[in-house]
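Using the sequences plus the hints, can you model the full thing?
Residue numbering for the sequence shown follows this note's numbering, starting at 1 and increasing by one per position.
A portion of the hints provided could be inaccurate.
[Claimed, not checked] Listed next, with one range per pair, are the computed distances between beta-carbon atoms:
id	residue 1	residue 2	range
1	Ala99	Val56	51 to 57 Å
2	Arg63	Thr32	56 to 62 Å
3	Phe29	Val100	51 to 57 Å
Hints are computed from structural coordinates only; laboratory data are not their basis. Glycine included, C-beta positions come from ideal geometry on N, C-alpha and C.
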Amino acid sequence: MENQHLPAATVCRLTRRQVISGGAILGGFALTARPGWGRTTEEISRDAEAIHQEPVFKAARARVYAALTDAAQFNKVVLLSAAMQSGMKLGNNPTEITAVAG
1 MENQHLPAAT VCRLTRRQVI SGGAILGGFA LTARPGWGRT TEEISRDAEA IHQEPVFKAA
61 RARVYAALTD AAQFNKVVLL SAAMQSGMKL GNNPTEITAV AG
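In C-alpha cells, the structure reads:
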C-alpha cells in the first residue's frame with residue numbers, strides 16, 4: 001500500500017545490478033547446449049556437403065544396366081560387394097530386382 005503514493009517511475013525502476021545480472025542469466029541460457037541441435041536424422045541428405053561417390057565401371061553401359069536390372073546378375077554383384085566381403089549378413093531373402101519402374 002505504500003507504493004500508491006509514489007510516482008510510477010520510482011516504483012518500476014531497475015537497478016544497474018539487476019540489469020547486469022538479468023543480462024548474464026539470459027546470456028547463459030543462450031550459450032547452453034541444446035540436445036536437438038546436434039541430433040542427426042535418418043533421412044537422405046540433399047545438401048551439397050553430403051558425401052558424393054561416383055563409381056567407375058570398366059564395362060559397357062548395356063552390361064552395367066543388365067547387372068543392375070537382372071536379378072541373377074544383381075545377386076552376383078551383391079555377393080561381390082565390399083559389404084559381403086566384410087562379413088555382413090544380409091538375410092536369407094533372395095535378391096529381388098526388376099527393370100520395371102515402381
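Practice prompt. Evaluate the given range 51 to 57 Å for the C-beta pair formed by Ala99 and Val56.
Written response: 23 Å, violated
Discussion item. Tell me if the beta carbons of Phe29 and Val100 are separated by a distance inside 51 to 57 Å.
Written reply: 56 Å, holds
Item to complete: Could you check the hint for me, namely that Arg63 and Thr32 are 56 to 62 Å apart, CB to CB?
Response: 57 Å, holds
The structure shown violates just one earlier hint, number 1.
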